Amino acid sequence: MKLIKRRFAMKPCSLFTAALVLLGAAPVWAQTTMEGGGHAGHPGTAPAPTRAESPASATMDYGSMNMQGGPAPADARDPHAYSNGLTLESGPYALPGPRQLRLSDEHAFGSVLLDRLERVYTKDGNATAYDAQAWFGGTYDRLVLKAEGDVAKGKLEEARTEVLWGHAIASYWDTQLGVRQDSGTGPDRTWLAFGIRGLAPYWFNVDATAYVGSSGRTALRLSGEYELLLTQRLILQPRMEVNLYRQRDEARGLGSGLADAAAGLRLRYEFSRQFAPYVGVEWAGKFGQTADFARAEGQRTRETRYVVGVRLWF
Amino acid sequence: MPSLSPFHLPLPLMPSRRRFVRGLVAGGVMVGLSPWVRAAAQGLADTRTGAAPVLSGTNIDLVVAESPVNFTGTPRMATTINGSIPAPTLKLREGDTVTIRVTNRLREATSIHWHGIILPYQMDGVPGISFQGIPPGETFTYQFRLEQTGTYWYHSHSGMQEQTGMYGALIVEPREADPIRADRDYVVQLSDWTDEDPMRVLAKLKVQSDYYNYHQPTAIDFFRDVADMGLSRALDKRAMWNQMRMNPTDLADLSGATLTYLMNGVTPAGNWTGLFRPGERVRLRFINGAANTFYDVRIPGLKMTVVQSDGQNVEPVTVDEFRFGPGETYDVIVTPREDAYTIFAQSMDRTGFARGTLAVREGLSAAVPALDPVEWLTMADMMGAMDHAAMGHDMPGMKHDMSGMNHGAMAMDHGQHAMHGMTGGAMAKPSATVRHARTEYGPSTDMRVDMPRTNLDDPGIGLRNNGRRVLTLADLRTIGGPLDPRGAEREIELHLTGNMERYTWSLDGLEFGKSTPVHLKYGERVRVILHNDTMMTHPMHLHGMWSEVETPDGQFLVRRHTIPVQPAQRVSFLVTADALGRWAWHCHLMLHMDMGMFREVVVS
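Heads up: the protein sequence lines correspond to chains A and B, in order. Residue 95 in this note's numbering sits at position 95 of the first sequence, and the numbers go up by one each step. Residue 1274 in this note's numbering sits at position 274 of the second sequence, and the numbers go up by one each step.
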């Protein structure tokens, strides 16, 4: 799936809602891909609307009306049934040699997105943060690169870099499998990554990845974004991120359980779709043992960050 | 045809953005050429626009080359035929065998497809299917006999050359007197131009499919709706779209944000003008040669009598307005009596318009209407036939009719109906049972329609209940009835599919590269049902054979080469497989075709 999602400005969405959806990311996905299953002419396979309220407020669960996703029924039509065994390369009147007509469905595309390139201002000093994604390939299979990190006082504090194979599995969902490398303060760590990313109902961009590292380490990273169009070009982006670890990793200042979370609001102006400066505020916290480690180092465990940056892609 | 004089209007002092959409007055003429383009353009004449030269006879030479244009203030290179946009109008005669030599002076291969012309498949001009294409520096000789009459057109079928200027009118005049009488006869060819490299445009859509849509719902719209209709109805209006992650303003992939809309190769500011004397019958041959744009055409103050559709004469029907997509043509008769009228062709997504003038002398113009407001797609556009009467109403109004939908009862009834028909021997009616392909249940599609609408009397989004009489498919009757009186021997159902989020377009969920050909037995009469599982209208063009559109009851309506299928609509037509060979069949929105909404047809 592409990196950049347009989003819908439909209803004012609070961070709380975003958080709920994020934490429920897996169930949301499961529901979306499992929904449906019947098709026309098979009565009874779709759940009937359950809510009966006043006509004005009666809402239907559109997502489960068989219109999207779901497995193909056993009697679904064979898309090759009309070919009588002919192919694009063979059969009467086919041009000699290999197939010549190749359209863009067989071309590779690519893009680099700097979702966040920002200067971060806190009470304890300033830093520069980046969050970039790039992809190259086709519609359904592509190479994905992700890079996120902070640089303070000329030193790389914390960086996460991933190389993934993105594979489309449903209308709005891709799996992402590959490796992650953590660098910066403390020893480097390498992980295998098993992720899912996509667009949940109500236009939440969701990214959930489980990691397996050496010596039995596992981790989970959940992030999500929403894009609220105030106007066609002025866009408010709430953003959430949560990291959890199963084992403590004292050398990197990480405890087990919920380690850290961040929630931010960025307001950008799209001079063009590809160039948008922004300002924002982000709240970040460390929890549990991770917070203890931070306190022992004399660091804060809660902080408010003010950010100024630019979002761009090409 | 009068010569174009694009210089009679001063260039309005508009912000650059306006100039971009409305174009330069002197479109096509080099202005402020940057040095590097000048170097590239050295020795090249400027592209002619406006009145395309007319070529006739049985021997015609066409040369494909690059030539400089300037529609927006930024000089660009176009791909042109004989150095003009549109390409020369070919006036050919029914029954003649024509020889057309096409020489390629580009650095890449090219081709010309004769859109709507019945001819041997080797002459159809689709590289990789009908022939090898025309390599740089070479000449290909097309030769075919004209078996038909009417208004058609021709264009490149290679890469994105159609977008960059390779299109022209092709008129086949009848040997006998033309039953359509007119005192004046003009080609009005609509097209669209982008200063961007079309391949780059496609790459941008692959990253962000709503890149060019600046009509998206915003928080401001939401609060306005809350004030107008209350919170719960405002939420309701959005619930379906949000749950399904679909955009109700997704009416066009490209908009005025990148396109300049052209009439006979002239920008709106340039104002193409056709002359008449009051009271004359003027025949306007409208051709949609755009790569991406559906146009809604009207001439305020004039009724238009539609007399031909896709080159085939129809029983005259008088309307105020018609919509047509890339590939379609309509001939209309108008009888103007005032001094000047505006020919107004707004894009379906209401981001711009092409415009020209009918006038008694050069230099006149009439009022140019404002663009119509942007309308959201409705439930009917997404879900189909819950309730025809409710079409055009807002979504909450349609809720009541949806309870029946989950039970599939309607589809079953129709299905049984069709089954009875079949057991009766003749397939008198198109089957109404929806049969999705296995490959529609995956990442290549974003929705499926189980309850399609089959009525053909819907003018479409943005034209419903607009107070004007708007042409629909149901209004068209080809004079003389079908070419082949036989009924269908079998049925082919193809679904138009896509995933807007990923910017994929396909048939039955399979892009061209993954597809196999549709095989037709030589001589058979077959029914084709096109079922649109997307929220966009697709002009579907079958090469080599006529498509005879029928009503949902199986009554013949109109003979077409390009059939617009609206969102959630199911249209059926009969084809006689009388043309041996391999043929292309695709959506004529160029980017949709290029993304794989394309099938090969083999007749053997």
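If you are wondering where the hints come from, they were derived from the structure by calculation, not from laboratory data. All values derive from a computational prediction rather than experimental measurement. Worth double-checking, as some hints may not be accurate.
Chain B is faced by these chain A residues, among others (derived, beta-carbon under 10 Å) [said to hold, decoys possible]:
hint, residue
1, Pro73
2, Pro92
3, Arg102
4, Ala147
5, Gln181
6, Ser183
7, Gly184
8, Thr185
9, Asp188
10, Thr190
11, Leu192
12, Leu230
13, Gln232
14, Ser256
15, Gly257
16, Phe271
Heads up, the beta-carbon is just placed ideally off N, CA and C, and yes, glycines get one too.
Hint-by-hint comparison with the structure:
At about 8 Å, the closest approach between the beta carbon of Pro73(A) and any beta carbon in chain B falls short of 10 Å, and the interface hint on this residue holds. With a cut of 10 Å, the hint placing Pro92(A) at the interface with chain B holds, because the nearest CB-to-CB distance is about 4 Å. For Arg102(A), the interface hint holds, the least distance from its beta-carbon to any beta-carbon of chain B being 7 Å, beneath 10 Å. The closest approach between the C-beta of Ala147(A) and any C-beta of chain B is roughly 18 Å, which is over the 10 Å cut-off, so the hint fails.
The restraint placing Gln181(A) at the interface with chain B is violated, with a minimum CB-CB distance near 26 Å, outside the 10 Å limit. The interface hint given for Ser183(A) is violated, since its Cβ lies 28 Å from the closest Cβ of chain B, which is over the 10 Å cut-off. Because the closest C-beta pair between Gly184(A) and chain B is about 29 Å apart, greater than 10 Å, the hint is violated. A distance limit of 10 Å between C-beta atoms decides the matter here; for Thr185(A) the minimum to chain B is near 34 Å, and the interface restraint is violated.
A cut of 10 Å between beta carbons decides the hint on Asp188(A): the least distance to chain B is about 32 Å, and the hint is violated. Annotation: Thr190(A) was flagged as interfacial toward chain B, and the flag is violated, the nearest CB pair being 30 Å apart, outside 10 Å. Of the supplied interface hints, the one on Leu192(A) is violated, with its beta-carbon coming no nearer than about 24 Å to a beta-carbon of chain B, more than 10 Å. Hint on Leu230(A) holds. Least Cβ distance to chain B is approximately 5 Å, under the 10 Å limit.
Because the beta carbon of Gln232(A) sits about 5 Å from the nearest beta carbon in chain B, less than 10 Å, this interface hint is met. Against a cut-off of 10 Å between C-beta atoms, the interface hint on Ser256(A) is violated, since the closest Cβ of chain B lies about 36 Å away. The beta carbon of Gly257(A) is not positioned within 10 Å of any beta carbon in chain B (closest approach about 33 Å), and the interface hint is therefore violated. Given the 10 Å rule on beta carbons, the hint for Phe271(A) is violated: about 13 Å separates it from the nearest Cβ of chain B.
The structure shown violates the earlier hints numbered 4, 5, 6, 7, 8, 9, 10, 11, 14, 15, 16.
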